[in-house]
Amino acid sequence: MSTLDDRAAGGAEGRAAAARVGIGGPVGSGKTALIEALIPVLHERGVDLAVVTNDLVTREDAERLRRSGLIDPQRVSAVEAGACPHTVIREDPTLNIAAGDELEVRFPGVELILFESGGDNLASTFSLDLVDWWIFVIDVAGGDDIPRKKGPGTLRCDLLVINKQDLAPHVGVALPRMVEEARAVRGQRPVILTDARRGAGVAEVADTMLKAVLF
Amino acid sequence: MLSLFATLWQADSAFPNGGFAFSNGVEGLAELGERLDGEGLAGVLAMTLTHRWMGMDRIAVALAFAAGADMDRLTEIDRRLDAATLPAPQRTGSRRNGLAFLTAHARIGTPSAAELKRQVERRHMPGHLPVMQGAVWRACGLDAQSALAASAYGVAAGMVSAAVRLGLVGAVEAQRCLGLTLPLLARLVDEAGRAGALTCDDFESLTPMLDIATMRHASSDVRLFSN
Ligand SMILES: Nc1nc2c(ncn2[C@@H]2O[C@H](COP(=O)(O)OP(=O)(O)OP(=O)(O)O)[C@@H](O)[C@H]2O)c(=O)[nH]1
Ligand SMILES: [Mg+2]
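Those sequence lines, one after another, are chains B and V. Sequential numbering from 1 applies to the first sequence in the UniProt record's numbering. Sequential numbering from 1 applies to the second sequence in the UniProt record's numbering.
One should not assume that every hint holds.
So, partial list: chain B residues that the calculated Cβ filter (under 10 Å) puts toward chain V [said to hold, decoys possible]:
id, residue
1, Asp72
2, Gln74
3, Glu80
4, Gly82
5, Cys84
6, Leu95
7, Ile97
To give an idea of the chain V side of the interface with chain B (calculated C-beta under 7 Å), a few residues [unchecked claim]:
id, residue
8, Gly18
9, Phe20
10, Leu99
11, Ala100
12, Thr103
13, Ala104
14, Glu121
15, Ala139
16, Gly196
17, Cys200
18, Leu224
19, Ser226
Honestly, the hints are just simulated from the structure, not real lab data. Note that the Cβ used here is the ideal one computed from N, Cα and C, for glycine as well.
Same shape as in the complex, but just chain B (with noise of 0.2 Å):
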């Protein structure tokens, strides 16, 4: 059976569902700061988004996105999924689907839907019951050792983003090395540097996902 035809069917009939998105990392790598500073680039390109995020213990990051400013607050849905922000996008990915379908439902014309991952370690991965396309979040004061430990969360990301570039100077990374060993150890596939403080990279970011998941 057709997953496109059973979301369909879990959503508003007789159109196509709406593209969906993980955002994962490690914890404070810039997964919320990314989406903040994506929010109004997906919106001057005119998608209609809405986002889900997987609080572990609270719902500090739905509220932060809710009172940004920057969206619709109904558009943003928690998933309160307990102390399990592995199980919650791979083994069981049912309550974040649920949530997925419900946004579908509530706003009909939704196109994008960004499902934020509670921070983990570098081997969480996205399923792909969930999402169509995935980003791992990493971030330079991590340490520019993280792409050659190799987790899957950094190898099998359809994009990796490396964050917090500013912190560079003040951290002893050399970026283009990290940079350079990051796409070797990903066979070449994209790899970004943001600043999602500033904006540094972010419609790199927006468009590269627009280009897999919507047109």
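With chain B's structure known, arrange chain V with the ligands on it following the hints.
Same frame as chain B, now just chain V with the ligands:
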């Protein structure tokens, strides 16, 4: 034999149904300082199964199983179970769990799951887990008694798993505790079979400690589980 395999399939904790996010009161009890070592946990399981599952889930599963794909009847059972479930976090948890369960079955293509999911998403039904289980498990090929067994086992196994993740008992000790509970599970399912047909008027539960713990848990700032 097919019914047995269908039961194993549906009782497997690896089947994705959202259940991992709910402790159904275990975390609340721990916060209240309840002693939840192996022995304490066994006591909580016995109480929950005897005084809640037996008067609530078991009736809902049996009635929904009998209703099959009759949406009007399922809606009635579901609404009555909703009205009979006192603690709000228990209601919300059971509904979220029920919708996640339907989500997996709708994707798999289990007959009537997609239609049930549509009803729940349009808020025609609350979507409580035991009601969804009764209806969907019949479509999966479980027999009525196995559906009761899978429901009771799921409640016990879910609470035990929550206790392990909360660090209250060790993973092995937890399974010993679950093993010791099997005779009770068997007795309750047998009793349910002998009691015959019940109605929505028979819904009842008497687990004040668990209910209070569940309600207090909802307002605690840091928690590992949704309820
Ligand atoms: N200097 C700098 N700080 C950043 C950047 N991106 C995020 N931060 C900061 O890093 C901290 C964590 O950012 P979040 O966006 O909350 O990270 P997260 O990955 O969503 O965190 P969790 O959801 O808790 O796992 C915040 O203090 C951000 O302001 C960046 O590009 N540069
Ligand atoms: Mg975050």
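Status of each hint after checking the structure:
no., hint, verdict
1, Asp72, "violated, 20 Å"
2, Gln74, "violated, 16 Å"
3, Glu80, "holds, 5 Å"
4, Gly82, "holds, 4 Å"
5, Cys84, "holds, 6 Å"
6, Leu95, "holds, 4 Å"
7, Ile97, "holds, 5 Å"
8, Gly18, "holds, 4 Å"
9, Phe20, "holds, 5 Å"
10, Leu99, "holds, 5 Å"
11, Ala100, "holds, 4 Å"
12, Thr103, "holds, 5 Å"
13, Ala104, "holds, 5 Å"
14, Glu121, "holds, 5 Å"
15, Ala139, "violated, 15 Å"
16, Gly196, "violated, 34 Å"
17, Cys200, "violated, 26 Å"
18, Leu224, "holds, 4 Å"
19, Ser226, "holds, 5 Å"
In this structure, the hints that do not hold are numbers 1, 2, 15, 16 and 17, in rising order.
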